[in-house]
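Peer 1: Sequence:
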Amino acid sequence: MEGPLAGLSSWKTDHCSLVKALEIVGTKSALLILREAFYGTTRFSAFAERIGITETAAARQLRHLTEAGLLEKQPYCDAGGRTRDEYVLTEMGRDLLPVVIGLMQ
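The opening position of the sequence shown corresponds to residue 1 in the numbering used here, with each subsequent residue numbered one higher.
Honestly, the hints are just simulated from the structure, not real lab data.
A portion of the hints provided could be inaccurate.
Simulated restraints, written as ranges between beta carbons of each label pair [claimed, not checked]: (1) T66 x Q105: 24 to 30 Å; (2) S17 x M104: 19 to 25 Å; (3) R84 x S9: 49 to 55 Å; (4) R60 x S9: 37 to 43 Å; (5) Y39 x T66: 14 to 20 Å; (6) S45 x L97: 20 to 26 Å; (7) S17 x Q105: 32 to 38 Å; (8) D85 x S9: 27 to 33 Å; (9) E55 x G7: 46 to 52 Å; (10) A46 x V99: 20 to 26 Å; (11) K12 x E49: 40 to 46 Å; (12) G81 x I24: 20 to 26 Å; (13) S9 x E55: 44 to 50 Å.
The model shown is predicted, which means the values in this text are computed figures rather than measured ones.
The beta carbon of each residue, even a glycine, is placed where N, CA and C say it ideally should be.
Could you put together the complete structure from these sequences and hints?
Peer 2: Structure below.
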């Protein structure tokens, strides 16, 4: 083997960017939430309903993706309602579109 991997035994995998990425988006529900965000879904209940997961699972994944910087919360208020948060893709989240499309194909 040539190039940077020539000395395979000289580099360690504990800081592998692929492992870090999979820790963030490597679950079915995370990828489906991202898919829905690309389609324009922003509301918590819509994510859970459209994906077919429990609200607890949706909350966990939305929190995880938000903490990772792929989604961000933005406040909204329906007429006569209280202020709530919706979830929108960040620039980093939007950068994942080609990856998600590739997986869909």
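Peer 1: Hint by hint, say whether it matches the structure.
Peer 2: Hints, one by one, checked against the model:
Evaluation of the 24 to 30 Å hint for T66 and Q105 yields a pass: the beta carbon distance comes to about 27 Å. The hinted window of 19 to 25 Å between S17 and M104 holds, with their beta carbons roughly 22 Å apart. Restraint check, R84 to S9: a C-beta distance of roughly 53 Å satisfies the suggested window 49 to 55 Å. One distance hint, 37 to 43 Å for the beta-carbon pair R60 and S9, holds here, with the actual separation near 38 Å.
Taking the beta carbon of each, Y39 and T66 are about 18 Å apart, inside 14 to 20 Å as hinted. Evaluation of the 20 to 26 Å hint for S45 and L97 yields a pass: the beta carbon distance comes to about 24 Å. Distance hint check for S17 and Q105: the Cβ-Cβ separation is about 23 Å, which falls outside the suggested range of 32 to 38 Å. Taking the beta carbon of each, D85 and S9 are about 48 Å apart, not inside 27 to 33 Å as hinted.
Between E55 and G7 the CB atoms are about 49 Å apart, so this pair conforms to the stated range of 46 to 52 Å. The beta-carbon spacing between A46 and V99, approximately 23 Å, falls within the hinted interval of 20 to 26 Å. Checking the proposed 40 to 46 Å range against K12 and E49 shows it holds: the Cβ atoms sit about 43 Å from each other. Taking the beta carbon of each, G81 and I24 are about 32 Å apart, not inside 20 to 26 Å as hinted.
A beta carbon spacing of about 47 Å between S9 and E55 agrees with the range 44 to 50 Å that was offered as a hint.
The structure fails hints 7, 8 and 12 (numbered hints given earlier, in ascending order).
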